[in-house]
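A.B. asks: At position 173 of the sequence shown (counting the first as 1) the number is 173 in the working numbering, and the numbers step up by one without a gap.
Worth flagging that the hints you see were computed from the coordinates, not collected in a lab.
Keeping only pairs whose Cα atoms sit at most 35 Å apart, straight-line, the calculated DSBU-like set for lysine-lysine is:
{"#": "1", "residue 1": "Lys109", "residue 2": "Lys245"}
{"#": "2", "residue 1": "Lys41", "residue 2": "Lys295"}
{"#": "3", "residue 1": "Lys245", "residue 2": "Lys300"}
{"#": "4", "residue 1": "Lys109", "residue 2": "Lys231"}
{"#": "5", "residue 1": "Lys114", "residue 2": "Lys245"}
{"#": "6", "residue 1": "Lys231", "residue 2": "Lys245"}
{"#": "7", "residue 1": "Lys300", "residue 2": "Lys109"}
{"#": "8", "residue 1": "Lys41", "residue 2": "Lys300"}
{"#": "9", "residue 1": "Lys295", "residue 2": "Lys231"}
{"#": "10", "residue 1": "Lys300", "residue 2": "Lys114"}
{"#": "11", "residue 1": "Lys114", "residue 2": "Lys231"}
{"#": "12", "residue 1": "Lys114", "residue 2": "Lys41"}
{"#": "13", "residue 1": "Lys114", "residue 2": "Lys295"}
{"#": "14", "residue 1": "Lys245", "residue 2": "Lys295"}
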Amino acid sequence: MTQLSRPESMLPVEDAIALGDASSSPISLRQRLADLATLAKVRITVMVVLTAWLGFAIGENAAHKAGFSLYASSQARLFALIGAMIGSALACMGASALNQVYERDTDAKMNRTKDRPVVTGRISAAMGNLFGVFFSAAGVIILAATSTPLAAALAAFTVLSYVMVYTPMKRVNHTSTIVGAGPGALPPIIGFAAAAGSLSIEAAAIFSIMFIWQLPHFLAIAWMYREDYGKAGFPMLPVIDPTGKSTFRQMMLTCLILVPVGLMPTFIGMTGIAYFIVALIAGLAFLTCGILVVKHQTTKYARLMFFASLIYLPIILIMMAVDGR
1 MTQLSRPESM
11 LPVEDAIALG
21 DASSSPISLR
31 QRLADLATLA
41 KVRITVMVVL
51 TAWLGFAIGE
61 NAAHKAGFSL
71 YASSQARLFA
81 LIGAMIGSAL
91 ACMGASALNQ
101 VYERDTDAKM
111 NRTKDRPVVT
121 GRISAAMGNL
131 FGVFFSAAGV
141 IILAATSTPL
151 AAALAAFTVL
161 SYVMVYTPMK
171 RVNHTSTIVG
181 AGPGALPPII
191 GFAAAAGSLS
201 IEAAAIFSIM
211 FIWQLPHFLA
221 IAWMYREDYG
231 KAGFPMLPVI
241 DPTGKSTFRQ
251 MMLTCLILVP
261 VGLMPTFIGM
271 TGIAYFIVAL
281 IAGLAFLTCG
291 ILVVKHQTTK
301 YARLMFFASL
311 IYLPIILIMM
321 AVDGR
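Turn these sequences into a full structure, and let the hints steer you where they fit.
C.D. replies: Okay, structure coming up:
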């Protein structure tokens, strides 16, 4: 099978030969489904659905606190919730597909992405673009039809900023990590807007937590795969900071900032003391991981930071929904 290591520079005839090689042997249904799952980044989509659901629950709490409800019955509420989850999932899947089409040349250079379906030609770039545009548009339309125009607008902004700003910026500057944290923090806000119909200080608190949480999370991933990113030419911080001192220091500092930011929901009257206690313990535990990363400066502890981030976020969001006032 011909590897499309430089798809943008290939001549049409070479592209046809490459695709011919990829399709010369039949692709099994199992492989096709696996390729579609990779194109849609199913694992990330599951996390998006979870955060959108929790954002919806928190948005309902905020609406009740303000003395109103957008939905007159439990059936209407359930319809809106399902629409918010499906719409958010489709928008995420569409953005993921468009990202992989755009990055197929750099994906071909990295060990962990070189077998992605668009890189190998099992799914053509044209089909990937069609998939991405269709699912992104479908997600926005479903949100508009089942919940609120604001939720739909936020989903559209998420897709556009991820694909048209963050994705190309990854090739230019390491601050793309900060830029990418913006659209990455929006799925629960989409759910919030679907439930409340507007944004408020509660939504700002959720966004702040999500935004800051992503920085140590992304830096841990970038350190773990820094060699791959270097081969692909991505100027991630761990690539331009080979000693890791700045990378690990930023992990710890963002964990430190996250401790008081994580307590903000209680300070603004959004949650009670139960959330405060759990958020404080979770924040200090996360900060401890940051301190260990700075102390040891190894991939082992970067991986610990990564897994700790996956535990921290669901705990915070679930407690926010459960203990919401």
